[in-house]
Amino acid sequence: MYQAQLHGMKLAMAPYRRRSSKNLQEVPSNADFERQQSNGSLRMDPGPINIEVRENNTKVKNTQLQIVDWIVLITPICYTLVILFLISWIYITTPQIRYPYIAHNILQRAHKIQSMYPIIDIIEFSQFSYHIRGCPPDFEEATLGIWEGIENGNVCDKSNKNCELVQSMEAQRLRFWKQKLYCIKYDKTAQWRNGNQCQKQYKACSSYICVKQHLQCPITDLQSIHQQGDLQFGKNWYRIVRDERQTPLLFFNISASSTCLNLNDQPQFKSKEYYPLSKYPETGCNEFGDYTSITNSLDSGMVLEILKENDIPFEQLSHFEEYVQNTDEYQLQALRGIKLNEMPQCNKLNTEIFNNSSKKSFRITRIMRRNNLPLITGCVILILFSILTIRFHNNKYLTFINKRITMIVNIGAAIIMIVTLVYSSFFLYDVLASVCI
1 MYQAQLHGMK
11 LAMAPYRRRS
21 SKNLQEVPSN
31 ADFERQQSNG
41 SLRMDPGPIN
51 IEVRENNTKV
61 KNTQLQIVDW
71 IVLITPICYT
81 LVILFLISWI
91 YITTPQIRYP
101 YIAHNILQRA
111 HKIQSMYPII
121 DIIEFSQFSY
131 HIRGCPPDFE
141 EATLGIWEGI
151 ENGNVCDKSN
161 KNCELVQSME
171 AQRLRFWKQK
181 LYCIKYDKTA
191 QWRNGNQCQK
201 QYKACSSYIC
211 VKQHLQCPIT
221 DLQSIHQQGD
231 LQFGKNWYRI
241 VRDERQTPLL
251 FFNISASSTC
261 LNLNDQPQFK
271 SKEYYPLSKY
281 PETGCNEFGD
291 YTSITNSLDS
301 GMVLEILKEN
311 DIPFEQLSHF
321 EEYVQNTDEY
331 QLQALRGIKL
341 NEMPQCNKLN
351 TEIFNNSSKK
361 SFRITRIMRR
371 NNLPLITGCV
381 ILILFSILTI
391 RFHNNKYLTF
401 INKRITMIVN
411 IGAAIIMIVT
421 LVYSSFFLYD
431 VLASVCI
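The sequence shown: position 265 = 265 (UniProt numbering), numbered continuously.
Read the hints as simulated data drawn from the structure, not as lab findings. The structure displayed is predicted, hence computed values, not measured ones. Backbone N, C-alpha and C define an ideal beta-carbon position, used for all residues, glycine too. Treat each hint with caution, since some may be false.
[As the list claims (entries may be wrong)] With a straight-line Cα cutoff of 20 Å, these simulated EDC-like cross-link-like pairs (lysine to aspartate or glutamate) come out:
no.: 1; residue 1: 158; residue 2: 299
no.: 2; residue 1: 203; residue 2: 243
no.: 3; residue 1: 272; residue 2: 321
no.: 4; residue 1: 308; residue 2: 273
[What the hints assert, rightly or not] Per label pair, the in silico range of CB-to-CB distance:
no.: 5; residue 1: 188; residue 2: 305; range: 48 to 58 Å
no.: 6; residue 1: 164; residue 2: 377; range: 50 to 60 Å
no.: 7; residue 1: 146; residue 2: 321; range: 16 to 26 Å
no.: 8; residue 1: 419; residue 2: 176; range: 56 to 66 Å
Please model the entire structure based on the sequences and the hints provided.
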């Protein structure tokens, strides 16, 4: 009977257990409840308000991460755009990088001019009296110009016929101007100020030069007058001027017009003709111009007459007189020192800096021109990598790879930008002298 009652109780309880397994949670005991509450594993229903706050916080964090992600992805593109802009700006605004040989020649000419001693006195002589007396002590015969000479080769007439072989001729000094020559006294102890104060036992003759206390200030100009003056060039009379607002007079020159900035250029005659075998033909100054601002034209004379007076054997040059027109004239010029631009860094320049800058800028320009193509190629590759990284940055299969690519792209962009900036700074520093001219 006891067994029958027990079996009946099991049957009666069976439906209840099935319902509790489907519809009811098993309630933990008091000990279990306290243990779960103490270790934090007991989770209470947060309610609808807490869920909404959590979702908002998650959205804000995701937005911030996306912004950072996009900044990291876009940074290489910004780097490369800056690099390309810098390369383009240097190429456009500094002709030295496009024409390194010309820049080198311009600085060489400037160095040659600024290396000359200032003139403190000039005396004129006729050819006859000079042969008897010569220049006084401390004076030396002036070189009024240079005839650059002729190269060896064949030359034809203007109709390209009757070609003949011509032997080369070396450059020669032009000493005479219309039966006169000139003796010059130079101050070989003078010092360019370069923005500095004059040393002891020196006096400032201008903001450009210092001379010893007992010496005259250098001549700065020759002023044309309509009466007898200090010097005569041809039929023109001039008065010696010592103006502390100007750079000192340095040398004379004979050419078709104002001296070109480029050392290898010769100004053009009115006829635009020149002898084909001239070492430096009179083709005219290039786009950089000439030294008109420091040039004073004193007199003019026919080319053939000046050459003949100075014993240039142009009669030995086949067809020479066909290329020299009757209207072609030489100008006798007096040139002052170069007046540098009013910039603090330019005031610190000296004659050797012109020479050193010409060599350095020439070398660095060639390096930059040789490296511009790899730099630009690297920039293009970085931009392509950046675009691909941005395109696939949400792809879950490429997340790890994208992190690596993004890091490599950023490092590559930074390296290329640093290299470009270093090259640019060296180049701009070493061509500073050309900016000051």
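Handout entry: Contradicted hints - numbers only
Key = 1 and 5
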